[in-house]
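So the sequences go chain by chain: Y and Z. According to our numbering, the residues represented by the first sequence are 1 to 401, in order. According to our numbering, the residues represented by the second sequence are 1 to 236, in order.
By construction, these hints were calculated from the structure, which means they are not laboratory data. Since this is a predicted model, take the numbers as computed values, not measurements. Beta carbons are placed, not taken as given, at the ideal position from N, Cα and C, and that holds for glycine. Treat the hints with caution; some may be incorrect.
No farther apart than 30 Å at their CA atoms in a straight line, the calculated lysine-lysine pairs in the DSS-like style are these [claimed, not checked]:
| # | chain 1 | residue 1 | chain 2 | residue 2 |
| --- | --- | --- | --- | --- |
| 1 | Y | Lys388 | Y | Lys399 |
| 2 | Y | Lys246 | Y | Lys399 |
| 3 | Z | Lys114 | Z | Lys163 |
| 4 | Z | Lys211 | Y | Lys388 |
| 5 | Y | Lys399 | Z | Lys163 |
| 6 | Z | Lys211 | Z | Lys163 |
| 7 | Y | Lys388 | Z | Lys116 |
| 8 | Z | Lys163 | Z | Lys116 |
| 9 | Z | Lys116 | Y | Lys399 |
Here are a few chain Z residues that sit away from chain Y, every Cβ distance over 12 Å (derived from the structure) [as the list claims (entries may be wrong)]:
| # | residue |
| --- | --- |
| 10 | Gly88 |
| 11 | Leu193 |
| 12 | Gly219 |
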Amino acid sequence: MLLPWEYGIRNLARRPVRTSLTLVAMTTVVVLILVVVGFVRGLERSLSVSGDREVVLVYSINSAENIENSSIAAQTPRLLTASLSGIWKRFGVPHVSPELYMGIRVGVVDSNRAADLHDRTNTEAVSESDALGLVRGVTSQAPLVRRDVRILSGDWPGPNEVMVGELAAAKLGLPANQIVVGNTLEFESQQWRISGTFSAGGSAYESEIWCNLPDIQSATKRQDLSLVAIRLPPGGSSAEAELFCKERIDLEIQAIRETQYYGGLQQHYGPVRHLAWMVVILVAAAGFFAGMNMMYGAVSGRVREIATLQAMGFRRIAIVVSLVQEGVLLAATASLIAGGIALLFFRGVAIRFTMGAFPLEIDGVAILIGSCVGLVLGALGAMPPAFKALRQSVAVGLKSI
Amino acid sequence: MALVELSHVSKRFTKGDETIVPLDDVCLAIEAGEFVSLMGPSGTGKSTLLNLVAGIDRPDSGQIIVAGTEITDLSRSRMADWRAQNLGYIFQTHNLIPVLTAYENVELPTLLLKLKASERRQRVELALEAVGLADRADHYPRQLSGGQEQRIGIARAIVSHPKVVVADEPTGSLDGQTSEQIQTLLQRLNQELGITLLMVTHDREVAGIAKRQLSLDQGRFRETNVRMQPNEIASR
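Bound conformation, chain Y alone:
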């Protein structure tokens, strides 16, 4: 027979200061776990949704896995369109997107001074920020290939205009209200009016700045491209594109499915994920010791009481269960509070990384993992003190002060 539930609940209020401190410690631990789990899930999601299985990327063979370093001939899209029969077409339009992709310093021009600045020379422009942004020069064919892109506000960029992803501000380390339609950015010594914002289904593009390909080529004085994205028909094979790239050694290009490309990047970020899980384990260990410390304190002051319960006829297992109930109850409360804090303050918070930015993914799975870890910590933390208390004989326990 177990001890009444009220016994465990009321025992928590017996040492309010110690219980409160432990609650704060456990809440902090669970919040940290939720944030780290959210980080890992956000990173994984960002990379996993960034690849489209029906898209093949053609880029320089010399750039290894970094498309930013890629430089291919401007006529590559035409060659590909003419040579490959497996490119998806609708209404006679081949779904091929030539793109110039680069990481460059991007500044934000004070909106109050933007009008004035347009009248001055470029060198006089004043930037509020000067962070590394990801700029992609595209043509109007880009949406045919990048199917997840949706314009959220404003319009497709015109001359000297840009369209920004909804995480571009995070990538630039700026408040979201600075990267809005009508404001002006500055990069490559030019001002670019923000014409619109877009989402991309949580993919890496959401942290990019898109502008017209000829404009960025002109601004950077480049005639080449970084890559060509080709859309295959549903279920289509990338073999033809790969074969073409291998045969045309003069072009020095390679073809790879976009999913494979981001899969490779996921492996690249493997150590980061492992480090994050290590943090979860270390933080969880801290929580375990916090819980155990509290329960040791709680049990050491109750040795005679525990012996009394045994003298009455309560089995040791009933007392262990009751002590575990206390730990779990505290951990459950901590998990609940931590879940609320994480959802209110950390959910969706953008994290910058080299490939862009991604939101902390504090979803049901993260909450479940955080809560389970919290509950397990509560239960495990209560066990050593419980077993220690019960190792003592009842007769000795009854004499304890």
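Use these hints to put chain Z onto chain Y, whose structure you have.
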């Protein structure tokens, strides 16, 4: 057959190189309905004997039979079950659970019995009435006086209708007047409810309320009327 039978029970403790023998080949029989007090100076083994009868300690040798059960060989969990069914324990410092009300404290031992909720409630109310504290049922131990706490402790010891109630210095931490109240209560429980009581005390006056008084010293009963041989136990 006696309700409590100890046959050639010995218990020793080792402390460093020294071996203490609080009980040395002790035999004792207590009949149902008896009120027995056990006296002796500190460290003479009174509490050890009480704990052996209560099944919270084990002898090094000998046999203890309480209410027809040989308790020396019971496993730890069976012993716990046996205590729940057969034993009430009155502690010197009452040992009430501070986070539970008087009612909940008294109710605790009944949770270990297979009782209906209504029967449990009835038993708790009767036990509280028996100790004259029905009106303090909702009070927490900190809201009760020392004497009231001990009465609640007594109600808790009798609520499960145990075969034997053991009391370890039940008046040891109380002032004179409160001690008398508790003594009277214990006498009433024995006389009116027929509860078998084994009480340990170092106070001769308190011991005097019991019908039968034993004295323990140097590991053996000193008074001739209580030092019995096994054949005497069998004949009782």
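Structure-inconsistent hints, enumerated in ascending order
2, 4, 7, 9, 10
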